[in-house]
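A.B. asks: Protein chains in written order, with the working numbering: chain V, 18 to 395; chain W, 18 to 395.
It should be emphasised that the hints constitute simulated quantities derived from the structure, not laboratory data.
Hints may contain errors.
One copy or two, it doesn't matter: identical chains are merged, so the pair holds either way.
Lysine-lysine pairs mimicking DSBU-like chemistry, simulated, CA-CA at most 30 Å apart [to be verified]:
no., residue 1, residue 2
1, K277, K99
2, K277, K308
3, K22, K99
4, K362, K187
5, K308, K99
Number of protein chains: 2
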Amino acid sequence: MAKLKLRYGAISTDDHIQESPDLWTDRMSAAAFGEAIPHVIEQDDGSQTWLINGELFPRLAMVPAAMPNRRIEPLRWEDVPKATYVPGDRLKAMDHDSVDTHAFFPNIAGLTGGTFTNRGTEDWREACIRAYNDWLIDVWAEYSPRFIAQCIAPMWDVDKAVAEVRRSAKRGHKALVWHGALSNLDLPHFNDAYWDPLYATCQELDLPMALHIGAAGMLATWDGYAPYTAKALGSAAAIASNTQILANLLYSGVPERFPKLNFISVESGIGWIPYLLETLDHEYEVLECWKDGMSRKPSEYFHRQVYANFWYEHVGIEIRRHVGVDRILWETDYPHTTSTYPNSKTMRESCLAGVPGDERRAMLVDNSVRLFKLDIEE
Amino acid sequence: MAKLKLRYGAISTDDHIQESPDLWTDRMSAAAFGEAIPHVIEQDDGSQTWLINGELFPRLAMVPAAMPNRRIEPLRWEDVPKATYVPGDRLKAMDHDSVDTHAFFPNIAGLTGGTFTNRGTEDWREACIRAYNDWLIDVWAEYSPRFIAQCIAPMWDVDKAVAEVRRSAKRGHKALVWHGALSNLDLPHFNDAYWDPLYATCQELDLPMALHIGAAGMLATWDGYAPYTAKALGSAAAIASNTQILANLLYSGVPERFPKLNFISVESGIGWIPYLLETLDHEYEVLECWKDGMSRKPSEYFHRQVYANFWYEHVGIEIRRHVGVDRILWETDYPHTTSTYPNSKTMRESCLAGVPGDERRAMLVDNSVRLFKLDIEE
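Extracted from the complex, chain V is given alone in its bound form:
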């Protein structure tokens, strides 16, 4: 595969792919799965949406930052900006935004990769997941090293997850998109030894587990808010909800059992991390958790095994030494609401004003290169 040639010195580690209407229809057997294959249908009101195993999906696309205005949602496929689902157009958008890479998380397949977990037959689920993972390699990663593929995997069966992760890593995926609160899906909890074969595999392959926001519960009801205020609130609340995921991760015993396994807290920002680490360590001290077999303070596991990314934070960067300059990645979240597109360069320069060159380089480039094992040239 070609080397990644850096032009902007800015590796984004959290962006979303808009799955195209032919993704699954082109890669799944019509004879085996027929109408159950995820595809786009017409609705009576003239709009289109996805039909997934006979269930209507709540939206056709999630691409607000690529639209002329973030308040407009595309209702038909012809209104979905090509930059969200066509590689050549995507590269142009990335150049327009002065960004070297996009690292892909799903839209339709679920922000944490869980859309296929509780639907359909097991064969259907596996075929949907494999098609998504293959599409990211065949259509995207092979098109350009500027696209960072991250696989999804079965969540209902650890052996199947292990097999798909091995297959995907071999094909070129750089991380596993995983769900940080599986017990919310009636699956074994994050800390359960049931998952150890998957943790062992990711550790062996040096494949980080990317824990995108959206897994933890949030305050449920926003009745009576104007729609975009509700959206702003939902977005901010989701970002803050990874505090729950990370608290759980750092007490779970998993970093103790798998000391070389890396995790990424994705789209959660960084400014809350010193606070959370102080809180976790304080509770560890007052409750003497070392007596329960945690040999280290929660913050020590964080500084050894966890990464997180920023995109708009000034205070977060100001307190970077408490997060760890070696723990921080950068992202644009294109094409979601919160994205800094098309002003990612201006925003990142504003956040990084006054930061020494080596620290800046670590957060924008070196940490990601190391974590994803990117093959770069400059």
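Using the hints provided, position chain W relative to the given structure of chain V.
C.D. replies: Chain W only, in chain V's frame:
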């Protein structure tokens, strides 16, 4: 009432009262309520617990920091430390911890005052709430100005809440303990105009609304954790969950409609606040929420109307100018797990090392004196 004479220069704004077995039995009509009155009963295993309107309460007391060791829970009333429920003993514990005041939140009546909301008849609920509020004045606030009483109020009926708040404020209560996510209790949402008479009353009386952690949803399942690790995690996750409550508050429109109403984010720490404000403001900008009628950025409402307290944070104090030195209070959370008791002085001095005297004074004394309208002498 006597003036509060400061000896330690440290006003704690979040502590818990352990309700005593005679609190409700002494103050509610046996003829009217009989066995429904909250009281302590014997259990078959030799332990005791509360029976509240015929329902067993999950614990007798929540007093770990007052116990010889935080891992021991008292199973009988004679094992509950007197300092948690007897005024004279409490003052000694406060002196031992070099703390001028304790501001009371409930234990049995609910961390956010909601134990009586969904149980029993309306008459019973009101009698329970009035008894609690009267006890805090008659037994505690009248005993010493070092006890800061904070009332609870009916949550199922705004007119009753207004009446109880007026009665309590007149009796000497300094704040209202309120629930930040009422829709979780199937009540109108925080932003609903239904609550406006209560907001108007608190604003008129200059009575802050204290939003203690415990109202927002958290990650639900901690299966398989050792018990004290589960407790440490639950505690840390609860502390972090007020990010949800504050996000909601600052987008709710309530601070817009009631510009002189004050709120306290209680037991949530302070180090996450700059992060949350940056996040809320960022979402406000990208979604152009001013078009929805929010005339100011979320951070502006915070800096005008919200307070939060610290007890163990060093980074939180380091970034205090981003929180606002005029927004920060201090607490000990005695006698709960996370409490700094009996080392509150050592911990606060450690957190405040190098902080100029006027800022230190604002956070430990002046902000609380202003907010609770305390009558002090030095």
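A.B. asks: If a hint holds in the structure, say so; if it doesn't, say that too.
C.D. replies: Results for each hint:
1. Taking CA atoms no more than 30 Å apart as the test, K277 paired with K99 passes in neither setting, with 39 Å inside one copy and 49 Å between copies.
2. In the homo-oligomer, the alpha carbons of K277 and K308 lie at most 30 Å apart inside one protomer (23 Å), although the nearest pairing across protomers, at 48 Å, exceeds that limit.
3. Only within a single protomer do K22 and K99 lie at most 30 Å apart by alpha-carbon distance; the minimum there is 24 Å, versus 70 Å between protomers.
4. Proximity of K362 to K187 under the C-alpha cut-off of 30 Å is found in neither arrangement, the shortest distances being 33 Å within a copy and 57 Å between copies.
5. Taking the shortest alpha-carbon separations for K308 and K99, only the inter-copy value of 29 Å comes in at or below 30 Å, while the best intra-copy value is 56 Å.
This entry does not satisfy hints 1 and 4, going by the numbered hints stated previously.
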